[in-house]
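Protein chains in written order, with the numbering used here: chain V, 1 to 344; chain C, 1001 to 1347.
There could be a bad hint or two in this list.
To be verified - Between beta-carbon pairs, the in silico distance windows are:
#1 C:LEU1183 - V:GLY75: 17 to 25 Å
#2 V:ARG22 - C:LEU1027: 48 to 56 Å
#3 C:ILE1124 - V:THR125: 23 to 31 Å
#4 C:ALA1129 - V:LEU85: 44 to 52 Å
#5 V:GLY288 - C:TRP1022: 40 to 48 Å
To be verified - Covered stretches of chain C, as calculated for chain V (at least 3 residues, CB under 8 Å):
#6 1029-1041
#7 1074-1087
#8 1118-1125
#9 1132-1142
#10 1151-1165
#11 1181-1195
#12 1308-1318
Just so you know, the hints here were simulated from the structure itself, not pulled from any lab data. Note that the coordinates shown come from a computational prediction; the quantities given were computed from them, not determined experimentally. Heads up, the beta-carbon is just placed ideally off N, CA and C, and yes, glycines get one too.
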Amino acid sequence: MAATDDGYVRPAREAAVSSGDRGDRLLEAAMGVVEWPFTRLQRLIGLRRMPWVFVLPNMALFTIFVFIPVLLAIGYAFTGGTELLLWNRPFVGFENFSRLLSCGSYLDPATCELDLFWTAVFNTTWYTAFNATGTLVVSLVTALVLNRLTRGKAFFRAIFFYPVLLSPVVVALVWKWFLARNGLLNAVFADMMGERTIFLLEVLWSRFWVVYVSIWFHMGFYTLIILAGLQAIPRDIYEAALIDGTSRWRQFWRLTLPLLMPNLLVVLVLLLIRSVQVFDEAWVLTDGGGPGTANTFVVQFIYETAFATDVRLYGLASAASVLMGLALLVLTLVQLWLGKKAEN
Amino acid sequence: MLGFLTRTRGKSRMDVTDILAWAWLILGTLVIAIPIGWAFLSSFKPEAEINSFPPTLLPRAAEELVIEGYDEPLPAYLWTDETGEARTVGLVRRIGLKATVVDPASPGERLSVDAGAIEKQTVISAEWANYTDPLERFAFLTYLKNSVFVTVVATILTLVLNSMAAFALSKYRFRGSTTIFVLMLSTLMLPLSVIMVPAFMVIVGLNLADNLWGVIFSTVATPTGVFLLRQYMLTIPDDLIEAARVDAASEFRIYWRIILPLSAPALAVLAIFSVIWRWNDFLWPLIVLSSPENYTLQLGLNAFQGQFTVQWHYILSMTVVALLPVTLIFLFLQRYITEGVASSGVK
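Can you build the whole structure from these sequences, using the hints too?
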C-alpha cells in the first residue's frame, strides 16, 4: 500500500525499491507509461476537468451499449420491414402493436392474430405466479430455519446459495439428465408407477419441472436477502415477547412476519420482475419451449421473432419488448415505492 | 436466537420446530446435491453404461480379463455351473443360446456353456475419454478458449473502467456527477430482453457482430460494479487525497496508488462476480455470436446437446467442465460471495 497511516504518499521509485519484487517493478514501469499521458492531460486541462477523464471510458461504453439502445428500442417498435438498420426501416405507426394486441377474445390465445405471442403471455403469467409464490415460500422458510441456527449457519447458507452461481445451461442440462428416460428420477419412479415417464414431453409435468428447476436455481439468492432482513430485526423485541410468555408460533405471526413484511414485499416484486423475463434455463430445459408451445415464454417469442427465423421481424419483436418493458417499469416503480416506504 | 431461546427454556431440549428445521435443512441439501452429484457421477460412465436402465449409481465399466493365449483382453463373466459353483471366466464368443468361455485357471481349455448361466461383470471405473474426446474430436477446446478469453478480458476491463468511474463519482464533486450516477442506477433494473434488438443493431453498426469483442465491450460498463465500488470508495477518507495533492501527486497517481489499493476488498468482490457473470452469460452471446468457432462454452454446450441429443456421456462431461470454475471459486471464496450478495443485493 502506498499511503501510510498519516496520509504520506511514498514516491513511486522508493516504493518500488523497498518492495524489491521484480513483478512489482515491472508493474511500476508499466504504470509509469500509463501515467504519463494522464499527467500531461492533467497539466493541459487542469484538475477540475480530470474527473471527466476518469468517468469517460465507462460512460462511453455505457452510452453506446445501453443508453442508445434504450432510445432506439422505441423507434424500432414503430417501424416495419426486415432491415436491421433503423434509418432504412419504414415507419408504420402503431401497426406492430395492433398486430400484437388484435385478439377475438383475450382469454383465448387461439383467437389472436399472433397466437404464439398470447400463448407466451399466458405461459409467462402462470409461470410468474407459481414461480414467485413458490420461491418466496421456500426462501422464507429456509431463511427462518437458517436464522435459528447457531452452528453450521455459514455451511448451510453456502449449500443453498451454490446453485445461484451455476450457468443456466448447466442447470438445464443437469436437470434434463436427472429427468431423462434413463435418469435417476425414472429409476425411482418406474419402481413405484411401473412405467417410465418422459417428464419433459408431457405438458403438465414439463410445466411443473420448469417452475421447480427455477425455484431450485434461484431460491438461494432470495434466501440471503430475507436472511439479511431477519437479522436486522432487533433482538430485544423477542426478549420482551419471551417475558410475556408468547409462544413461538405466535411470535412468528405477530412479530417476525409483520416486521419482515416490507422486506418480503420488495423480494416479491423483485421475483415478479425476474420471473417475467424467464428464458435461459427454461429454453434449454424444454428444447425451445416444448412440448409444442407449453413452455414458450415472452422473451423466447422476442428472441425468436428477431433472431431465430429467416424473416427477422425486428419491429414486431421490439413492440413486444416495449410491452414487456412497460410491465417491468410498473413493477420497478412499485418496488421503489415499497423500498421508500420500508425506509420510513 | 436459538441459543438465546434454549438458554432460557432449559438445556438441550429439542422441540418439534427444531426437528422440522433440521429435516428441512437435510432435505434441502439432498435436493440440491443429488441432481448435481448424479450428473457428476454419470459423466464418468462409458456410453454403454449411460444408456442402460436401471442405471447404476457409480460409474462402472465392463471388467476385462487378460488370459494367456488371447491377444485382446476378454470380457469377464460370472459363470454358475450345474453344481451351483460360481467362477469368473472370460467370454470368447456367444452364438445364440450357447457361449464359449475360458477359465483363467486353465487357459488352454475352451468350455461351451449356456448363455443363461453367465452374467456380465463390471468394475467401478472412470471413463476419462468422456472428457478428452469432446476436446479433441469436437470443438470444445475452442469453446473453452473463447470462454476463458471473454471472462478474463471482460473482468479486467470491468475492474479498470468501473473503478475509474467510481473514483470520479465518489471523490469529486463536478457538474453532472449526480446525473450520471442516477442515469446509471436507473438502468440497474433494465433487462437485456427489452433492448435486445437495438443493442444488436449497435453491435452490427460497430462491425462487432459474430466477434468476441462484441460480447466483451457491451458487458464491461456494469452499473452494478460502479455502484458497488463507489459506495466502498465513499468510506475512504478524503484527507488521504488532500495530503497526496499537497505532495504534488497527479490525480492518476492518487487513483492508482491510494484509492485502488484501499478498495481491494470491493474490487475482489466485483472480480468474483464479473468472472461468474461472464462465464455464465448465455442470451447475449447467443445473439451476438453466430459461427461455431466463436461460441463460448455455454453456447457450444447448448448447440451440442441440441445436435447430439443421445451423446449424454459427452454432454455431461462438458457440463461438469462448465460448472467446475464456478464451483472452485465458490469453494474458496464463498464467504466473500454470500456476504457481497447480502450487503449489496446484486447477483
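The hints, checked one at a time:
no., hint, verdict
1, C:LEU1183 - V:GLY75: 17 to 25 Å, "19 Å, holds"
2, V:ARG22 - C:LEU1027: 48 to 56 Å, "54 Å, holds"
3, C:ILE1124 - V:THR125: 23 to 31 Å, "48 Å, violated"
4, C:ALA1129 - V:LEU85: 44 to 52 Å, "48 Å, holds"
5, V:GLY288 - C:TRP1022: 40 to 48 Å, "41 Å, holds"
6, 1029-1041, "holds (count 9)"
7, 1074-1087, "violated (count 0)"
8, 1118-1125, "violated (count 0)"
9, 1132-1142, "violated (count 0)"
10, 1151-1165, "holds (count 4)"
11, 1181-1195, "holds (count 9)"
12, 1308-1318, "holds (count 3)"
In summary, the numbered hints that this structure violates are 3, 7, 8, 9.
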